[in-house]
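Construct all of the structure, not just a fragment, from the sequences and the given hints.
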Amino acid sequence: MNENLLTVSTSPHKLGGMSVRSMYLEYIIALAPALLVGLYYFGFPALITVLLTVASAAVSEFVASLIKKKPSNLSNLHVLCMGLMLGMILPPGAPWWLPIIGGALTVLLGMSIFGGLGAYPMNPVLVAWVALYISWPESMNAFLEPQALGTGDEWSEAETLLMQLKGDVSTFEMVELGALWLGNVAGFIGSTSAWALLVGGVYLLIRRIIPWQIPVGAVLGAIGMALLAAYTDPSILELGYEEFGANMNIVWFHLGAGGFMIAAFFLGPEPVTSPVTPWGTFLFGVGIGLMTIIVRTWGGLVDGAFYGVLLMNAVTPLLDRIRPKVIGKVVSGA
Amino acid sequence: MKLSNLFKGIRLPRPPAAAPPVDLPAPERVYLPLRQHRGAVAEAQVKPGDQVAIGQVVGASEEFESAAVQATVSGVVESIVQTVDPAGQKVPTVVIKNDGADTWVADTAEALADPAGAKASRPSRLLKRLRESGLVRAQVEGRPLHVDLSPPMAPQSYLYMTGIPVVRPVDTLIVNAVDPDPPVCPNLSCLTQVGEELAVGVAALARISGAKRVILALPAGGDASALAAMAGQHEWETASVSQTAYPFATDNLLVSALTGRQVPTPYGEPKDVGVVLMPLISALDVGRVLISGRPVIDRVFTVAGEVKNPQTFRVRLGTPIRDVIEAAGGGPSRPGKIIVGGPMMGLAIFDPATPVTRSTEGVLVQSAGNVVSYADHPCIHCGRCVAACPVNLIPSELGKLCEFRMYEEAAEMNLMNCIECGCCAYVCPAKRPMVHFLRHGKTEVLAGRME
Numbered sequence: 001m002n003e004n005l006l007t008v009s010t011s012p013h014k015l016g017g018m019s020v021r022s023m024y025l026e027y028i029i030a031l032a033p034a035l036l037v038g039l040y041y042f043g044f045p046a047l048i049t050v051l052l053t054v055a056s057a058a059v060s061e062f063v064a065s066l067i068k069k070k071p072s073n074l075s076n077l078h079v080l081c082m083g084l085m086l087g088m089i090l091p092p093g094a095p096w097w098l099p100i101i102g103g104a105l106t107v108l109l110g111m112s113i114f115g116g117l118g119a120y121p122m123n124p125v126l127v128a129w130v131a132l133y134i135s136w137p138e139s140m141n142a143f144l145e146p147q148a149l150g151t152g153d154e155w156s157e158a159e160t161l162l163m164q165l166k167g168d169v170s171t172f173e174m175v176e177l178g179a180l181w182l183g184n185v186a187g188f189i190g191s192t193s194a195w196a197l198l199v200g201g202v203y204l205l206i207r208r209i210i211p212w213q214i215p216v217g218a219v220l221g222a223i224g225m226a227l228l229a230a231y232t233d234p235s236i237l238e239l240g241y242e243e244f245g246a247n248m249n250i251v252w253f254h255l256g257a258g259g260f261m262i263a264a265f266f267l268g269p270e271p272v273t274s275p276v277t278p279w280g281t282f283l284f285g286v287g288i289g290l291m292t293i294i295v296r297t298w299g300g301l302v303d304g305a306f307y308g309v310l311l312m313n314a315v316t317p318l319l320d321r322i323r324p325k326v327i328g329k330v331v332s333g334a
Numbered sequence: 001m002k003l004s005n006l007f008k009g010i011r012l013p014r015p016p017a018a019a020p021p022v023d024l025p026a027p028e029r030v031y032l033p034l035r036q037h038r039g040a041v042a043e044a045q046v047k048p049g050d051q052v053a054i055g056q057v058v059g060a061s062e063e064f065e066s067a068a069v070q071a072t073v074s075g076v077v078e079s080i081v082q083t084v085d086p087a088g089q090k091v092p093t094v095v096i097k098n099d100g101a102d103t104w105v106a107d108t109a110e111a112l113a114d115p116a117g118a119k120a121s122r123p124s125r126l127l128k129r130l131r132e133s134g135l136v137r138a139q140v141e142g143r144p145l146h147v148d149l150s151p152p153m154a155p156q157s158y159l160y161m162t163g164i165p166v167v168r169p170v171d172t173l174i175v176n177a178v179d180p181d182p183p184v185c186p187n188l189s190c191l192t193q194v195g196e197e198l199a200v201g202v203a204a205l206a207r208i209s210g211a212k213r214v215i216l217a218l219p220a221g222g223d224a225s226a227l228a229a230m231a232g233q234h235e236w237e238t239a240s241v242s243q244t245a246y247p248f249a250t251d252n253l254l255v256s257a258l259t260g261r262q263v264p265t266p267y268g269e270p271k272d273v274g275v276v277l278m279p280l281i282s283a284l285d286v287g288r289v290l291i292s293g294r295p296v297i298d299r300v301f302t303v304a305g306e307v308k309n310p311q312t313f314r315v316r317l318g319t320p321i322r323d324v325i326e327a328a329g330g331g332p333s334r335p336g337k338i339i340v341g342g343p344m345m346g347l348a349i350f351d352p353a354t355p356v357t358r359s360t361e362g363v364l365v366q367s368a369g370n371v372v373s374y375a376d377h378p379c380i381h382c383g384r385c386v387a388a389c390p391v392n393l394i395p396s397e398l399g400k401l402c403e404f405r406m407y408e409e410a411a412e413m414n415l416m417n418c419i420e421c422g423c424c425a426y427v428c429p430a431k432r433p434m435v436h437f438l439r440h441g442k443t444e445v446l447a448g449r450m451e
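Going down the list, the sequences are from chains A and B. If you're matching positions, the first sequence starts at 1 in the UniProt record's numbering and goes up one per residue. If you're matching positions, the second sequence starts at 1 in the UniProt record's numbering and goes up one per residue.
The set of hints was computed from the structure by calculation and includes no laboratory data. Remember, predicted model here, so these are calculated numbers, not experimental data. Glycine included, every Cβ here is placed at the ideal spot set by N, Cα and C. Treat the hints with caution; some may be incorrect.
Said to hold, decoys possible - With the C-beta cut set under 8 angstroms, the calculated list includes, among others, these residues of chain B facing chain A:
#: 1; residue: Lys97
#: 2; residue: Gly163
#: 3; residue: His381
#: 4; residue: Gly383
So this is what it looks like as structure tokens:
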């Protein structure tokens, strides 16, 4: 037998080099700036929360793989990335058990029971987040006042801007947009800094990890809906803005506040649960933007970004039916 | 390039600058498969022991979709054996032992010196000359040129089969000097070597097909000054086509980019929308046949990939690919794949003794360590294949359907319109064998419809 037998296989004989692991590695790299800003402002408690979430998710995956008697998926970084994302949308003052339960829920309730990577219908991070929010609303609202690293002051509890917005529509006027976009406000660990998330998101876009339609659609949807609200909602009209610029401040506020940025650039474009067709992805993004503003302005919940993503996840199979026209297909009778 | 194409397909590395083809001496034995094209097998016209001269017909067929095969060395027919062609089909092959004398058979056809002669000749006469010369389109699974240039034999049933409403008369000839699947670049290496034969070839092709408009598709960044000068002289149009944007230099998509017409798939071809598309090397061959009155006995053949000196040769037809790789400095110590055609659409062969034929344009050699492996990972629904697919399919979904044997459902989602360019498999992070799934699905659908 000739030992130098040639391999025969179907084309292509060359691959692009992207793997699931490298894809999620890029995700983690892109999340890093926002995470670092979060750790800068919320310090040690935030670090512990994030580490516990990631560790819990990893252990859960390991246990789940033992139960399923299948090789564990840990090496492709998917589970770690999911754990990291959940850690970034937990409040910095969360009790120690909250991230542990959250990490386990992400993997077990969000992914494993559906069959793991590629099979789950809804973003596992948000499934876990909603489960935590429904079960322990007080712990999920344990926000801290941000302070720069190393100041060593006592941590004090705080209210997020969106919570204030529920009580008082004129919160827009009191906020300094610069500080809001920089992340120097109370909020979830990794989602306060819109600039850092934007940097990471643009990195993902440049590396073509996420489709551009989702963030663009989300931003457009949010801008459109925020302006609509500004020009029609009686309580905002009462504030008496006449200039377009003042209304645009409302838009900037909404884009920078709460979980919108992380939803538009990271949670929404999560590959498994987002649509694949060009128009489907765009509408998916628009839906996230619309839901965010609708819930914030008129809804009973504090922030709509995460619910928007979950809702659009449910619509994904429908959006995937909006297919582009196939090139070369003969339309009979034409 | 169309703007929308910027987001479609994939980007391949720019092919290295190509030197003009180097003549390779005739081998000791040539292996001439009696089918070097898509179509019917030719019947052997010689017996073992016969003395043959260069240009003597060793295989011919009454079938229309068949090309004559000529001896490419002078010598003795040793045997007629079964070999396996790159596509995996068994084919009878005439083996001729070279006597080194290089004697030509007596010329039969008169030479045709200039483009004016081609323009004056009757199309049917030119077509007959091409048919006698056995020219085959220089492309993997290429068809005989005379078939490519003739209108369908039975227009009614052809229209019914393809589902297109009407066949347009041909009005455009595109000569494609761009290699769709780099780094296998025979066209690129011929760019500077064009002369009278191109003028004659193009004039004849335009005359046969009836095309009024001639477009030269030139590689962007390649040294195309010689071609551009000729184009100016002969009133041909030129278009610059990117060499790195794959698969937009493949036939159907190039036609669409240059003329705005969509070639119907899966059964249609550029001819149906009034365009004849010819690789540069085939157009040159047509010119050579008409000028010399002799059949073409060699082939521009690129050896790329992991060989010592990747380069383009002018090789006698029937030379074993192994010999050409040796001439390029030899392959890797542990060979992995030898691919006839380029990395994206080529066919991997199992036998390095497979001969160079009229429809092979080059090989890509890979060492065992660099052979890609696919995985049985589930689809992660990331949508990269959808973003890459140049014909707007949803490969992820088709792949899943074919994997789970739901072939008819896949066919309803336009599986048959897939052009098998391989972009989906190239970008897939889960490394799913997408082209394998889709090809398998297509054959199953066809088999199902046959029943």
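Against the structure, the hints:
1. Lys97: violated (25 angstroms)
2. Gly163: Hint on B:Gly163: holds, closest Cβ of chain A at ~4 angstroms, below 8 angstroms.
3. His381: holds (5 angstroms)
4. Gly383: holds (3 angstroms)
Checked against the numbered hints given earlier, the structure breaks only hint 1 and satisfies all the rest.
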